[in-house]
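Enquirer: Sequence:
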Amino acid sequence: MAAQRNLIGDTGRLLNDEETAEDDYSPSGKKPKLERSPLNSWELAAALGVFFVFSAGLFCIYLTMPASEYGKIKLPRTISDLRMLKDNFAAYAEDHPAQFILGYCSTYIFMQTFMIPGTIFMSLLAGALFGVFQGLLLVVFNATAGASSCFFLSKLIGRPLVSWLWPEKLRFFQAEISKRRDKLLNYMLFLRITPTLPNLFINLASPIVDIPFQVFFSATLIGLIPATYITVRAGLALGDLNSVKDLYDFKTLSVLFLIGLVSMFPALLKRKRIYE
Numbered sequence: 001m002a003a004q005r006n007l008i009g010d011t012g013r014l015l016n017d018e019e020t021a022e023d024d025y026s027p028s029g030k031k032p033k034l035e036r037s038p039l040n041s042w043e044l045a046a047a048l049g050v051f052f053v054f055s056a057g058l059f060c061i062y063l064t065m066p067a068s069e070y071g072k073i074k075l076p077r078t079i080s081d082l083r084m085l086k087d088n089f090a091a092y093a094e095d096h097p098a099q100f101i102l103g104y105c106s107t108y109i110f111m112q113t114f115m116i117p118g119t120i121f122m123s124l125l126a127g128a129l130f131g132v133f134q135g136l137l138l139v140v141f142n143a144t145a146g147a148s149s150c151f152f153l154s155k156l157i158g159r160p161l162v163s164w165l166w167p168e169k170l171r172f173f174q175a176e177i178s179k180r181r182d183k184l185l186n187y188m189l190f191l192r193i194t195p196t197l198p199n200l201f202i203n204l205a206s207p208i209v210d211i212p213f214q215v216f217f218s219a220t221l222i223g224l225i226p227a228t229y230i231t232v233r234a235g236l237a238l239g240d241l242n243s244v245k246d247l248y249d250f251k252t253l254s255v256l257f258l259i260g261l262v263s264m265f266p267a268l269l270k271r272k273r274i275y276e
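In UniProt numbering, the protein residues as written are 1 to 276.
Take the hints with a grain of salt, since some may be wrong.
Using 30 Å as the maximum straight-line C-alpha spacing, the simulated DSSO-like pairs for lysine-lysine come out as follows [stated by the list, open to error]:
1. 169 <-> 245
2. 251 <-> 169
3. 179 <-> 169
4. 183 <-> 169
5. 155 <-> 183
6. 245 <-> 72
7. 183 <-> 251
8. 179 <-> 155
9. 86 <-> 245
10. 72 <-> 86
11. 74 <-> 86
Using C-beta positions, here's what the derived DEER-type ranges look like [what the hints assert, rightly or not]:
12. 48 <-> 215: 35 to 41 Å
13. 253 <-> 49: 21 to 27 Å
14. 81 <-> 181: 39 to 45 Å
Simulated from the structure, these hints should not be mistaken for laboratory data. Built from N, CA and C at the ideal position, the CB exists for glycine as well.
Kindly generate the complete structure, drawing on both the sequences and the hints.
Expert: Here's what the structure looks like:
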């Protein structure tokens, strides 16, 4: 129990860091906003080059769509936008499933790679259009592919960016990873299953703190399933949703944390045996 309290206490401090991150780097926050970009010229050019390649590929895929569908394309920002998008694309997804899935996957991976908000709406859309089982497979595949793409992008240019945005959190995360090297997969599963740390930070920081890609990939593929199931299943009843916040009430968060603690059980059991 002491080990569990220590783990929850550690991750709680990370949550507090995340809650204050926006204030720290806003004009009214404690830390002055830096005027210069943390990326040097080569890193900035590399980031723009990767973005251009992804954007060009996405544009080419959209060109395969009928011209009549172009006006319906819009990234949803609210549940109302999502309902409208679902109505607009329901017939197209049924008549041209391969083209729709290609466009959907490309958009999802693009958003995940470049940290563009809104993937939760894409997950809800998958549930609304394809049902729970197919929607779950589709979202987990895309989320894992996008997170992996973001991992390698961060490996290329992410260190100065993450060090600039979250210096204290990065040092703390590095220390936590160092303490759990022997059961790293269990710890990463806990982070993926629970909302302890944002997926954005995990994707960007993992290569910087030397988490092996196979561990990152496995934890992402498995750990995203519980939360994805909840989101995709909610997509079946868009009419009952008023806000994204309705997805994660206290009961849902408690279940996710319980599943996360179960994933940490082997590591906690081993630590207990060591102290005995």
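Enquirer: Next, verify each hint and record whether it holds.
Expert: Results for each hint:
Distance check on the hinted pair: residue 169 and residue 245 sit about 25 Å apart at the alpha-carbon level, within 30 Å; holds. Of the supplied pair hints, the one linking residue 251 and residue 169 holds, its CA atoms being roughly 28 Å apart against a limit of 30 Å. Among the hinted pairs, residue 179 with residue 169 is consistent with the structure: their alpha-carbon atoms are about 15 Å apart, no more than 30 Å. Proposed proximity of residue 183 and residue 169 is supported: the alpha carbons are some 21 Å apart, at most 30 Å.
The suggested pairing of residue 155 with residue 183 holds, with an alpha-carbon distance near 22 Å, which does not exceed 30 Å. Only pairs whose Cα atoms come within 30 Å are accepted, and residue 245 paired with residue 72 is accepted, the gap being roughly 26 Å. Using a Cα cut-off of 30 Å, the hinted pair residue 183 and residue 251 holds, with the two alpha carbons roughly 28 Å apart. For the suggested pair residue 179 and residue 155, the alpha carbons sit about 22 Å apart, so the restraint of at most 30 Å is met.
Only pairs whose Cα atoms come within 30 Å are accepted, and residue 86 paired with residue 245 is accepted, the gap being roughly 20 Å. Pair hint residue 72 plus residue 86 holds up; C-alpha atoms about 10 Å apart against a cutoff of 30 Å. Only pairs whose Cα atoms come within 30 Å are accepted, and residue 74 paired with residue 86 is accepted, the gap being roughly 11 Å. For residue 48 paired with residue 215, a C-beta distance near 30 Å fails the hint of 35 to 41 Å.
For residue 253 and residue 49, the Cβ-Cβ distance of about 40 Å falls outside the hinted range of 21 to 27 Å, so the restraint is violated. The hinted range of 39 to 45 Å is satisfied by residue 81 and residue 181, whose Cβ atoms lie roughly 44 Å apart.
In this structure, the hints that do not hold are numbers 12, 13, in rising order.
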